[in-house]
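J.: Line by line, the protein sequences give chains G and U. Per this note's numbering, residue 978 is the first one in the first sequence, and the count goes up by one each step. Per this note's numbering, residue 294 is the first one in the second sequence, and the count goes up by one each step.
The hints are simulated quantities; they were obtained by calculation from the structure and are not laboratory data. Mixed in with the good hints there might be a few duds.
Partner residues are not named here, just some residues of chain G that face chain U (Cβ under 7 Å, in silico) [claimed, not checked]: (1) S1066; (2) G1067; (3) S1068; (4) T1070; (5) I1077; (6) M1079; (7) T1087.
Just so you have them, the derived chain G footprint on chain U, three or more residues with Cβ under 8 Å [unchecked claim]: (8) 302-308; (9) 423-431.
All C-beta atoms, glycine included, are put in the ideal place defined by N, C-alpha and C.
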Amino acid sequence: MSGIEGIGGAAFGRHLEGARDMMARNGISPDIAGKIPHAENGATPPAARADGIRGGRGPEAFAGLVGDFVRQVDSKGKAAEAERLKLLSGSGTSIHQTMIAMQESSVAFTMMIEVRNKLVEAYQELMRMQV
Amino acid sequence: MSLIAGVDITSEALTLQRLRMDVIAGNIANAHTTRDGAGGPYQRREVSFESYARRAEEPGSVNANLRGVRLGGIEVDATPGPDIYNPAHPDADDTGIVRMPNVNTPREMVDLINATRAYEANLAVFQNARQMALRALNIGR
């Protein structure tokens, strides 16, 4: 598409597409993956593109996306904590299950950091644009 | 859905090796037990595993070959143990013979080492799978 906005939107969309794929392929909730704005046809201002963005409009979709992702990672962390407590209270779990749950939670957290980095990079690229 | 590959399978295998260790511990602890509650000496237990298709799909599909492991059963080994002549023993019969368990301690020790190595092998699988996931997260950094 033509125009500065078009270029910026396409770059932004590419980053978001990457982040969406990263999460969808790892099975972190395809439904929030669907909430990432899908830059199908270049870019128009978010307000005028309610049909192009699935699940929300512009900033709300973004905040919802990040919030949902954090909640998913947090649920893995809570599962790890629950396993740990089960182990310490001696009821039915074993030490390797606890350690595996902790490692899962740690990898999910690292992945969340990487997605955050990608989104911040997208934002910075957008902001770097000369007006 | 897990981020680390094969974590469900590895976790099952680790649990089973621990169970095998428990069975071996029971055998070794009862190596001289002459009263088993069933009227005779302790008979050693043997554990058996079976594989199963982790994803319940039709047998022809590729996923039928993705096999996890589960407990097949813990069976009693019925071969009789040695009979010892010891009339002073509380469980000696009229002729002074005591029936001892069929636990062969060196054999149990070898099983113990096998169970330990199998446990460590599964741990190595998990470590490597985790490393794969972490390296994947470094893409593009």
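J.: All the hints need checking, so say for each whether the structure fits it.
T.: Here's how the hints hold up against the structure:
Against a cut-off of 7 Å between C-beta atoms, the interface hint on S1066/G is violated, since the closest Cβ of chain U lies about 18 Å away. Taking 7 Å as the C-beta contact cut-off toward chain U, the hint placing G1067/G at the interface is violated, the least distance being around 15 Å. With 7 Å as the threshold, the beta carbon of S1068/G stays out of range of chain U, its nearest partner Cβ sitting at about 15 Å, so the hint is violated. About 10 Å separates the beta-carbon of T1070/G from the nearest beta-carbon of chain U, more than 7 Å, and the hint is not met.
Hint on I1077/G holds. Least Cβ distance to chain U is approximately 6 Å, under the 7 Å limit. Against a cut-off of 7 Å between C-beta atoms, the interface hint on M1079/G is violated, since the closest Cβ of chain U lies about 11 Å away. Nearest Cβ of chain U to the Cβ of T1087/G: about 5 Å, under the 7 Å cut. The hint holds. A stretch counts as covered by a chain when three or more of its residues have a beta carbon under 8 Å from one of that chain; for the region 302-308 of chain U and chain G the count is 4, and the coverage holds.
For the region 423-431 of chain U, the proposed coverage by chain G is satisfied: 4 residues have a C-beta within less than 8 Å of a C-beta in that chain, meeting the threshold of three.
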